[in-house]
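Novice: Residue numbering for the sequence shown follows the numbering used here, starting at 64 and increasing by one per position.
Treat the hints as calculated values from the structure; they're not laboratory data. Everything numeric in this text was worked out from a predicted model, so none of it was measured. Accuracy of the hints is not assured; some may be wrong.
Claimed, not checked - The list that follows gives simulated cross-link-like pairs (lysine-lysine, DSS-like), each with its CA atoms no further than 27 Å apart:
no. : residue 1 : residue 2
1   : Lys177    : Lys246
2   : Lys85     : Lys98
3   : Lys136    : Lys85
4   : Lys85     : Lys191
5   : Lys191    : Lys246
6   : Lys85     : Lys177
7   : Lys98     : Lys177
8   : Lys177    : Lys136
9   : Lys98     : Lys136
Unchecked claim - Here are the computed distance ranges between Cβ atoms for each label pair:
no. : residue 1 : residue 2 : range
10  : Ala75     : Gly213    : 32 to 38 Å
11  : Ala75     : His242    : 16 to 22 Å
12  : Arg211    : Ser72     : 30 to 36 Å
13  : Met162    : Arg215    : 16 to 22 Å
14  : Tyr83     : Gly213    : 21 to 27 Å
15  : Asn249    : Gly228    : 25 to 31 Å
16  : Ser214    : Glu245    : 34 to 40 Å
17  : Gly141    : Tyr247    : 25 to 31 Å
18  : Glu245    : Tyr97     : 33 to 39 Å
19  : Ser171    : Pro100    : 24 to 30 Å
20  : Ile224    : Val244    : 29 to 35 Å
21  : Tyr247    : Asp166    : 18 to 24 Å
22  : Glu264    : Gln168    : 44 to 50 Å
23  : Glu108    : Ser171    : 44 to 50 Å
Even for Gly, the Cβ is constructed at its ideal location relative to N, Cα and C.
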Amino acid sequence: MPIAIQRFSSDADFIEISNYRKRILPSAEGLESYKFPTLRELNLENFGRAAELSVFIPRAEHEFLIAQPLHVKNSILGHYAAVHRRQDILDYTSLAVEMGILDSQSASEFLAAKHFIPGGIELGIYPKGWLVQTLSSIELLGREFLNRYGSRVKKYNAFQIRAVGFLSERLGSFILIRHLVEKYSNNIPADIFGYMTVIVEGDSRYSAGLTDRPKNRLDSYNRKHRQVR
64 MPIAIQRFSS
74 DADFIEISNY
84 RKRILPSAEG
94 LESYKFPTLR
104 ELNLENFGRA
114 AELSVFIPRA
124 EHEFLIAQPL
134 HVKNSILGHY
144 AAVHRRQDIL
154 DYTSLAVEMG
164 ILDSQSASEF
174 LAAKHFIPGG
184 IELGIYPKGW
194 LVQTLSSIEL
204 LGREFLNRYG
214 SRVKKYNAFQ
224 IRAVGFLSER
234 LGSFILIRHL
244 VEKYSNNIPA
254 DIFGYMTVIV
264 EGDSRYSAGL
274 TDRPKNRLDS
284 YNRKHRQVR
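My request is simple: use the sequences and hints to build the entire structure.
Specialist: See below:
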């Protein structure tokens, strides 16, 4: 992605990333999701009528527009291990230290963190220079993780095999929060946080693909989401 941004967005100051029909909007549109914290559902027809939702940028003094953070009951390590493979996030974090992306103190802070921004740095609007630099580091880390542990990951089911994506989301969230805390002296402006919005058709509601998770993992997932507040 960093190469694509540099190649096709050379004149841009900001980059917006959307995925899985989700965007971060500056205003609360549509309905609150009854199942997923901080998520809103917007009908495709209503989205199409709202021209002002097609193009927008953060306020000049802010530069970012990102999802509202979730508070996890225990830690990012516990939050991740409840749904995914605990060993993966431990190995991923150790590798991040080895590659100089984290130091030992920030690695401990990462695993103990209690806030998580859905989408990490791959959902929302960001200043291009910061995004390219951060994405490049996380992308290199993901490649090296698969180089070392790919033989383990390839045995996972259709959901867990996306381990690098899940890990990148957590680390991206941590790096983003740390950057904003430093940039704004631990007083992050509320306007930086937008509304994670998924586009739905007709009267349908958003649902994530859970069917390929083992039952014990699905139960853990449901317990985890009840604990998020």
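Novice: If a hint holds in the structure, say so; if it doesn't, say that too.
Specialist: Structure-based check of all given hints:
no.	hint	in the structure
1	Lys177 to Lys246	holds (20 Å)
2	Lys85 to Lys98	holds (15 Å)
3	Lys136 to Lys85	holds (25 Å)
4	Lys85 to Lys191	holds (20 Å)
5	Lys191 to Lys246	holds (16 Å)
6	Lys85 to Lys177	holds (24 Å)
7	Lys98 to Lys177	holds (21 Å)
8	Lys177 to Lys136	holds (7 Å)
9	Lys98 to Lys136	holds (18 Å)
10	Ala75 to Gly213: 32 to 38 Å	holds (34 Å)
11	Ala75 to His242: 16 to 22 Å	holds (19 Å)
12	Arg211 to Ser72: 30 to 36 Å	holds (32 Å)
13	Met162 to Arg215: 16 to 22 Å	holds (19 Å)
14	Tyr83 to Gly213: 21 to 27 Å	holds (24 Å)
15	Asn249 to Gly228: 25 to 31 Å	holds (29 Å)
16	Ser214 to Glu245: 34 to 40 Å	holds (38 Å)
17	Gly141 to Tyr247: 25 to 31 Å	holds (28 Å)
18	Glu245 to Tyr97: 33 to 39 Å	holds (36 Å)
19	Ser171 to Pro100: 24 to 30 Å	holds (26 Å)
20	Ile224 to Val244: 29 to 35 Å	holds (33 Å)
21	Tyr247 to Asp166: 18 to 24 Å	holds (22 Å)
22	Glu264 to Gln168: 44 to 50 Å	holds (47 Å)
23	Glu108 to Ser171: 44 to 50 Å	holds (48 Å)
Of the numbered hints listed earlier, not one is contradicted by the structure.
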